[in-house]
Amino acid sequence: MEEAAHIEKIAAQAGLLVLLGPLVTGFVQKLKARLQCRQGASIWQPYRDLAKLLRKGTVQSDSASPFFRAIPVLVLAATVTTTVMLPVLWASSGPALLPLGDAILLLALLALARFLCAIGALDAGGAFGGMGASREMTVGLLVEPALMMAVFSVAVAGGTTDLVHLAARRATLPALSWQAPDLLALFAMLVLALAETGRIPVDNPDTHLELTMLHEGMLLEHSGPGLACIVLATHTKQIVILTLVAALFFPLGLADGSAPGALVLAGLAFLAKLLALAIFLGLVESSYAKLRFFRVPQFLGLGLVCAFLALALRIL
Amino acid sequence: MSVELATRLIDVLGALLLFSTLLILASGQLFRAIYAVAMQSVFLGIAGAVLGAATGNPDLWVIAGITIVVKAILLPWLLIWVVRRIQIPREIESVIPINATLALAAGIVVLAFRLSASLGPVRQAITGNALPVGIALILLGVLVMAARRTALVQMVGLFASENGIFFTAMAVTQGMPLIIEIGILLDVVLGALVMGILVLRVRSSVDTDIADLENLKG
Amino acid sequence: MVRVAVWLGHLLILAGASAGATLALGVLTGDAGTLRLTLPRLFPFAEMSLCVDGLSAFFLLVVALVTAAAALYGPSYLGAHAKAPLVQTFALAVFVSCMAGVCCAGDGLTFLLAWEGMTLASYLLVVSDTRSEENTRAGLLYLVMAHAGTAALLVVFLTLAERGHGFDFDALRTAARSLEGPTRSALFMLALVGFGAKAGVVPLHVWLPKAHPAAPSHASALMSGVMLKVALYGIFRFGFDILSPTVGPLPASWGWTVLSLGTVSAVMGVLLALQQHDLKRLLAFHSVENVGIILIGAGLAMLLSRGRGAESLATLALAASLLHTLNHAAFKGLLFLGAGSVISRTGVRNMEELGGLARRMPWTAWLFLLGAVAISALPPLNGFVSEWLTFQALLLSVAELGGASGLLAGVAASMLALTGGLAAACFAKAFGVTFLGRPRSVHAEQASESPSPMIAGMLLLAGACVAIGLLPGYAMRLLDGPTQQLLGGLGASAVVTAHGPLVLSGAGAKAGLEATSISVTAVAALLALLALVAWALRGWPRRAPRRLAPTWTCGMSPSSRFDYTATAFAKPLRLIFSAVYRPRRAIAKETGPSPYVIRRLSYTGEVVDLAETMLYMRLKRWVTATAQAIRAHSTGRIHGYIAFVLVTLVIALLLFARA
Chain X
0 MEEAAHIEKI AAQAGLLVLL GPLVTGFVQK LKARLQCRQG ASIWQPYRDL
50 AKLLRKGTVQ SDSASPFFRA IPVLVLAATV TTTVMLPVLW ASSGPALLPL
100 GDAILLLALL ALARFLCAIG ALDAGGAFGG MGASREMTVG LLVEPALMMA
150 VFSVAVAGGT TDLVHLAARR ATLPALSWQA PDLLALFAML VLALAETGRI
200 PVDNPDTHLE LTMLHEGMLL EHSGPGLACI VLATHTKQIV ILTLVAALFF
250 PLGLADGSAP GALVLAGLAF LAKLLALAIF LGLVESSYAK LRFFRVPQFL
300 GLGLVCAFLA LALRIL
Chain H
0 MSVELATRLI DVLGALLLFS TLLILASGQL FRAIYAVAMQ SVFLGIAGAV
50 LGAATGNPDL WVIAGITIVV KAILLPWLLI WVVRRIQIPR EIESVIPINA
100 TLALAAGIVV LAFRLSASLG PVRQAITGNA LPVGIALILL GVLVMAARRT
150 ALVQMVGLFA SENGIFFTAM AVTQGMPLII EIGILLDVVL GALVMGILVL
200 RVRSSVDTDI ADLENLKG
Chain A
0 MVRVAVWLGH LLILAGASAG ATLALGVLTG DAGTLRLTLP RLFPFAEMSL
50 CVDGLSAFFL LVVALVTAAA ALYGPSYLGA HAKAPLVQTF ALAVFVSCMA
100 GVCCAGDGLT FLLAWEGMTL ASYLLVVSDT RSEENTRAGL LYLVMAHAGT
150 AALLVVFLTL AERGHGFDFD ALRTAARSLE GPTRSALFML ALVGFGAKAG
200 VVPLHVWLPK AHPAAPSHAS ALMSGVMLKV ALYGIFRFGF DILSPTVGPL
250 PASWGWTVLS LGTVSAVMGV LLALQQHDLK RLLAFHSVEN VGIILIGAGL
300 AMLLSRGRGA ESLATLALAA SLLHTLNHAA FKGLLFLGAG SVISRTGVRN
350 MEELGGLARR MPWTAWLFLL GAVAISALPP LNGFVSEWLT FQALLLSVAE
400 LGGASGLLAG VAASMLALTG GLAAACFAKA FGVTFLGRPR SVHAEQASES
450 PSPMIAGMLL LAGACVAIGL LPGYAMRLLD GPTQQLLGGL GASAVVTAHG
500 PLVLSGAGAK AGLEATSISV TAVAALLALL ALVAWALRGW PRRAPRRLAP
550 TWTCGMSPSS RFDYTATAFA KPLRLIFSAV YRPRRAIAKE TGPSPYVIRR
600 LSYTGEVVDL AETMLYMRLK RWVTATAQAI RAHSTGRIHG YIAFVLVTLV
650 IALLLFARA
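Residue numbers (numbering that gives the first Met the number 0), protein chains in the order written: chain X, 0 to 315; chain H, 0 to 217; chain A, 0 to 658.
The shape of chain X in the complex, shown without the other chains (with noise of 0.2 Å):
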């Protein structure tokens, strides 16, 4: 009974977080375009674009092994597993045998999304997937060490790296014990979150060519429903990273039952968490130029140097 009900969060929380992430995606866009003092498009164009992709036919290349029509589900796949592991609008922890909600399994998870991508990326041959494949794996293993850092300068004042038991011992405390290595720890994870999500200024999300792009130079050989899986997959791991921040430092809100009331505070400050960071994504995006690529590990090593600074912080 008590396995249904937590299954039954879980999978809610996982349907609102790939509901919702494309529309992440439209706000940062459009509050783009405002900024640039244009109209842009509307908010709910990433959702149009993704069933006219799903409506398409697909177009394959010839010298391509068979699995590369495997590699858009299974990126897909990865990508809303890693759904099921973040404290949305619940922080109680369920049964003991279905534990699904440590960080470092979750981080494990988007790494896999991204080796297929590259994998795929080669299958197709040809030149620009081999250089985005390229520049991504080199950007994805850079971040690797802040990010562990940071998440366990988070995680050594409770011992665990599971995020739901994080985010509830958290929320209980006063002013959420905020320190000053959280927010060494917070500035970190903005850094990181750039790179991860693939937004200036280390990747430009809408750009096609070859030398700046990192991300995009992946799908390139991807079409019709494959590519609507990759792009799902794009907007889902964003709006998890930006989850994954929110849960490890602004746990505020988060329900305990499942009173009607303390859910709708729960969405209510979720969406005002998501709100605040896409605000944050899409002025920097705005405010600065896409770095040449061997610039950007100068800037995720301030990243890396800050999270080492919480994390020294913290213990010493």
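Since the hints were made in silico from the structure, they are not lab data.
Fair warning: there could be bad hints in the mix.
Unchecked claim - If you want the ones that stay clear, here's a sample from chain X, every Cβ over 12 Å from chain A, calculated:
no. : residue
1   : K8
2   : N203
3   : T211
4   : L267
Stated by the list, open to error - Residues from chain X shown here face chain A by an in silico Cβ test under 10 Å; the list is partial:
no. : residue
5   : C36
6   : Q38
7   : G128
8   : L310
Built from N, CA and C at the ideal position, the CB exists for glycine as well.
Use these hints to put chains H and A onto chain X, whose structure you have.
Leaving out everything else, chains H and A in the frame of chain X:
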């Protein structure tokens, strides 16, 4: 304001000061470094206000006000005016790669924390983590001066060092005499004025940069 | 006739492996306790015996697993193009039995004899494959370094045997109890050097990337997957069992040395692997990396062992380390067998000349992909499980150790995360360039699938990877024996699978906090479910038409020249980590009538191994210079040499008379 809340706020402001120093170290452009040090001085002013409210010492309010006016507005404005006036190239050249500088900075911060942990009685006389952050800021300011070529960025490093001294001095629970703090401030203002005039004169008359002074060796 | 003999030999090896595996499983899961067997007396001064306790049984299982796969794989591989298949079969049999002998040795003499036999047999395998000069030099370097390590081991064994008046392990333990701290630490460091040279710990790893690729592929799988583990067995045996003090924790210097050596090996190994384009050299460097990861767990266990109140944390770290031993043997064996399959069908080792093999050799390709996903520590396979356990151990020890030690453990964790990312990038390159895209040479175009025995060997190891990945709780039961024996306290399964066999939890958290748990089985099930749902849904809006078209290459007709090369894939990392790589490059242009018309362009790039240039070249130059200096003084007269011998004898007699 309770002592505990003041300590928490000082800790948070210490973290913000460290972050702004990292921004100075990691910036590749002159204006970003100047804005970062202005931001740092604003945080320092807020710290002064917090400490003034916690201890009830009126000197601290005065110092906070002077810091914000002089170091967050006047001196950065002076630096920006010099940059615009003689059109110095805005890119900061560094002596060692930026990633190496950041790694050294991380090591220096850890060193500062270890050092302050071993200075037992001194550590207890200062609120929060102001002592280690102050020591770290002083050393990081010197690192900026050592690792960057452009003369104006070295001024920025000097301001950062001085912010560190101020932060520690303000947080001493017994209180520090006002005259000492005014004296340090005057030192830095004079230093900035001298550097500004020097850069202007050298540039306008000889058409080389201060950094080329290294050619004057025996 | 020769083929029948080769098949028979390999079947014998397979039978031996199965027997070994059964024995090991019996000792690990049953309550049989330690098995002892006295061997016939070969030497008058010592008795030889075999003793299989928990730790030996676990490593015996590791040996047996990869041996079985290699035995299945061997005959078809050797049948293709081997020069001396009978010699290689014989050497393989000796090699495997010696490795089993090392693991099961009950006294120092058996250990050393088996160790030496292992070195000689593998040397034979390294030099027997082809007769090139490079292989001979690689074999020579291997022999020299292995014997240098054995010399260090001899010192340790002989010191302990002399004190304990006997060679068997009980006597050695008693002897070690009577040592003082500094002597004990010195002996441990010597043992670390001796075993580290065989295990491929940086900076003693320089022989590994030269020797492992030279042997035939199933022998490389055994050398990389098993021989390195046998060397690590020595470190575990000496560090935790023989040399450890009876009461109190192990000295902190041991743990920190092992931890830092592990971290450096892991990062350097994978960085150097990224720039290799020879498939087998790449895999050999990855072995260095994984040995580093195992040592990180072992060092952590040493730091947290008995007497600090953190026993379950030490058990967690040791369990992570031992599980990674088993996992690495499985996926490294699989990868080497796959690489061997490619090399035997195409005759090419350089991945820049391969490509498009996924359509021509499908089984090899997908099994290689499985191994690649496992080694990159990606869920839901076994590499992820052991790395997750290592991360949990590191996190909890950051909280436990506190202060600067905790910070160092945190840095080790971030370096471990970096190696995971680097390994994923490296294998994306290796798999992508070798198997995907278009074939870049005639050899790749004409490749065909390997014969079934080779595939069967690979399937065995792939099955082990998947089984340990999806059901790690059952593998934890195998670790009960070793962890209880080495650290005391709870066994591995009590600590790690406290919530049942399908859930892993990193226990040892402070009181009042929930330990982190994951269920890889649940995640794998969820992944499969979502994949099926997505597959069904993508076809839902009215079967969209599908057609094939050439890849877009900016309007030119596509050829393999457009595919990304491995050098290009690894270039960004070569530039980012140039301080470690010190890359050298040379571009030679041949121009036509005008300097803007280039007829020929040749690009040579080279990456140095820092250990080689900074340590070994300098050592070599110093030794050569000293030798030249001494040579200048040699007179060539017989009387001088005889007088030299006389003086040495007199001094030796004086020393012995004194003692």
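Broken hints, by number: 5 and 6
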